[in-house]
Amino acid sequence: GDSVTQMEGPVTLSEEAFLTINCTYTATGYPSLFWYVQYPGEGLQLLLKATKADDKGSNKGFEATYRKETTSFHLEKGSVQVSDSAVYFCALRPTGSARQLTFGSGTQLTVLP
Amino acid sequence: SQTIHQWPATLVQPVGSPLSLECTVEGTSNPNLYWYRQAAGRGLQLLFYSVGIGQISSEVPQNLSASRPQDRQFILSSKKLLLSDSGFYLCAWRGQGVTEQYFGPGTRLTVT
Numbered sequence: 001g002d003s004v005t006q007m008e009g010p011v012t013l014s015e016e017a018f019l020t021i022n023c024t025y026t027a028t029g030y031p032s033l034f035w036y037v038q039y040p041g042e043g044l045q046l047l048l049k050a051t052k053a054d055d056k057g058s059n060k061g062f063e064a065t066y067r068k069e070t071t072s073f074h075l076e077k078g079s080v081q082v083s084d085s086a087v088y089f090c091a092l093r094p095t096g097s098a099r100q101l102t103f104g105s106g107t108q109l110t111v112l113p
Numbered sequence: 001s002q003t004i005h006q007w008p009a010t011l012v013q014p015v016g017s018p019l020s021l022e023c024t025v026e027g028t029s030n031p032n033l034y035w036y037r038q039a040a041g042r043g044l045q046l047l048f049y050s051v052g053i054g055q056i057s058s059e060v061p062q063n064l065s066a067s068r069p070q071d072r073q074f075i076l077s078s079k080k081l082l083l084s085d086s087g088f089y090l091c092a093w094r095g096q097g098v099t100e101q102y103f104g105p106g107t108r109l110t111v112t
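Order-wise, the sequence lines are chains A and B.
If you're matching positions, the first sequence starts at 1 in my numbering and goes up one per residue.
If you're matching positions, the second sequence starts at 1 in my numbering and goes up one per residue.
Simulated from the structure, these hints should not be mistaken for lab results.
None of these values were measured; they are calculated from a predicted model.
Please note that the accuracy of each hint is not assured.
Stated by the list, open to error - Here are the simulated distance ranges between beta carbons:
no. : chain 1 : residue 1 : chain 2 : residue 2 : range
1   : B       : G27       : A       : K60       : 37 to 43 Å
2   : A       : K60       : B       : S20       : 33 to 39 Å
3   : B       : N63       : A       : E8        : 27 to 33 Å
4   : A       : L46       : B       : R42       : 19 to 25 Å
5   : A       : Q45       : B       : W7        : 15 to 21 Å
C-beta atoms are modelled at their ideal positions from N, C-alpha and C, and glycine is treated no differently.
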């Protein structure tokens, strides 16, 4: 079945450090890929998405590139801020599926001033 | 613009009591609707999804049920809560022809 594997956290960085959160997936065909962010006590917010190979999703300084050859969708940001502290979820939606997103287990990011 | 509401925001219920959580979406028609549960420190588990009024698909057998009495209303229920039902319940919607889901603010349920 489909699955998403994220690097385990927690991740602790200093402000202005470079961020990478690894995400790899297993799926047939060409799934759509997503990163969601969850701030404490809140629901999930869509951060960025990519729907086909080599697409780059970007938002709020975050980027992720859909790599079909390595089945990866790593999240990056060049300079993190304290306000980026949150849990980040990688997810996929299989081609043509009406039903679900398959989520990774989430990565807790803490950015220290 | 589209918005999604969930209530209540927090709920504390004794074991064996009933449950009703409500989710409504505004600004769209015929959305796909989803209920997820997030246990403490864990990822998200899809519980139910619906592609239309009265159409409910269950992903995980449990003592919960879902209903969709109106196009933009999705209700999660239980007749008798278990301790293991505690968690953060998230409702989400997806519009026709798009890939992403949008989540509500969630309901924090504590079963005591």
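message: The hint says 37 to 43 Å between G27 (chain B) and K60 (chain A); measuring C-beta to C-beta, is that right?
response: Once the Cβ atoms are compared, 23 Å apart, the range 37 to 43 Å for K60 (chain A) and G27 (chain B) is violated.
query: Is the gap between the beta carbons of L46 (chain A) and R42 (chain B) within 19 to 25 Å?
result: holds, 20 Å
task: Take a look at whether the Cβ-Cβ distance between K60 (chain A) and S20 (chain B) falls inside 33 to 39 Å.
output: holds, 36 Å
- prompt: Does the hinted range 27 to 33 Å hold for N63 (chain B) and E8 (chain A) at CB?
  reply: holds, 31 Å
- prompt: Is the distance from the Cβ of Q45 (chain A) to the Cβ of W7 (chain B) consistent with 15 to 21 Å?
  reply: With Cβ atoms ~19 Å apart, the hint holds.
Comparing the model with each earlier hint shows a violation of hint 1 alone; every other hint is respected.
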